[in-house]
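Here the protein sequences come in this chain order: A and B. Just so you know, the numbering used here puts the end of the first sequence at 1206, numbered straight through with nothing missing. Just so you know, the numbering used here puts the end of the second sequence at 114, numbered straight through with nothing missing.
For the record, the hints were derived by calculation from the structure and aren't laboratory data. Fair warning: there could be bad hints in the mix.
Some chain B residues close to chain A (C-beta under 7 Å, calculated; not the full set) [unchecked claim]:
no., residue
1, P11
2, I16
3, R83
4, F104
Pairs of lysine-lysine residues, derived as DSBU-like cross-links and limited to a Cα-Cα distance of at most 30 Å, are as follows [claimed, not checked]:
no., chain 1, residue 1, chain 2, residue 2
5, A, K1145, B, K73
6, A, K1149, B, K73
7, B, K29, A, K1149
8, A, K1147, B, K29
9, A, K1147, B, K59
10, B, K72, A, K1095
11, A, K1145, A, K1110
12, A, K1149, B, K59
13, B, K29, A, K1163
Derived Cβ-Cβ restraints for the label pairs, each shown as a range [unchecked claim]:
no., chain 1, residue 1, chain 2, residue 2, range
14, B, A114, A, V1144, 27 to 33 Å
15, A, S1100, B, S61, 28 to 34 Å
16, B, A114, A, T1175, 27 to 33 Å
All values derive from a computational prediction rather than experimental measurement. Glycine included, every Cβ here is placed at the ideal spot set by N, Cα and C.
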Amino acid sequence: DVKVTQSSRYLVKRTGEKVFLECVQDMDHENMFWYRQDPGLGLRLIYFSYDVKMKEKGDIPEGYSVSREKKERFSLILESASTNQTSMYLCASSLRGQLEETQYFGPGTRLLVL
Amino acid sequence: SQQGEEDPQALSIQEGENATMNCSYKTSINNLQWYRQNSGRGLVHLILIRSNEREKHSGRLRVTLDTSKKSSSLLITASRAADTASYFCATVVGNDYKLSFGAGTTVTVRA
């Protein structure tokens, strides 16, 4: 079974802090994704990566950056946290090579920025 | 930008009844997927239907796809309390591995 883990289930940070959210997958997937989920808006893609050291912007990248130094790990960075970044953050991974790829999700990190 | 839109936003049914939810999307797709999310958890993949398929079954799930209307439906038969969750449709567009999700349908199954 694919396992995607996220470093924290709940996180409370202060405005202006630098925040790191870590995601690790154990199935050698090439693709990794970061989403945020807000009520009524569904999942919105922040950044994704198709390979190590590679990243591409999703639909809402502003205020975020990412790092992928190793294939299994994809980090989301909030350079200077703001209250409007309070949200549920979901990481996912998938195999590359087929368009019929399902994504495997981690349990999510609920971030509160005060 | 969001591609899919689910309807209804929320659904409450009695255990044993069927639940039907719909997804409409805007542009041509390669495939459409349905995911389930239990409260406060990550999403779990349920079923994928390709653009050249019209209907697919998996256990108590039945998915239909009408590409002429750009819509899909998910039917859960003989619902159980454990089916209480949010259900999302997601589409793959073009030669892209990204998924575009709708806002979801929240299903509550009453015992």
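Hint check:
no. : hint                         : result
1   : P11                          : violated (13 Å)
2   : I16                          : violated (22 Å)
3   : R83                          : violated (22 Å)
4   : F104                         : holds (4 Å)
5   : A:K1145 - B:K73              : violated (37 Å)
6   : A:K1149 - B:K73              : holds (27 Å)
7   : B:K29 - A:K1149              : holds (21 Å)
8   : A:K1147 - B:K29              : holds (26 Å)
9   : A:K1147 - B:K59              : violated (34 Å)
10  : B:K72 - A:K1095              : violated (36 Å)
11  : A:K1145 - A:K1110            : holds (21 Å)
12  : A:K1149 - B:K59              : violated (33 Å)
13  : B:K29 - A:K1163              : violated (33 Å)
14  : B:A114 - A:V1144: 27 to 33 Å : violated (48 Å)
15  : A:S1100 - B:S61: 28 to 34 Å  : holds (33 Å)
16  : B:A114 - A:T1175: 27 to 33 Å : violated (39 Å)
When the structure is compared with the earlier hints, violations turn up for hints 1, 2, 3, 5, 9, 10, 12, 13, 14 and 16 and for no others.
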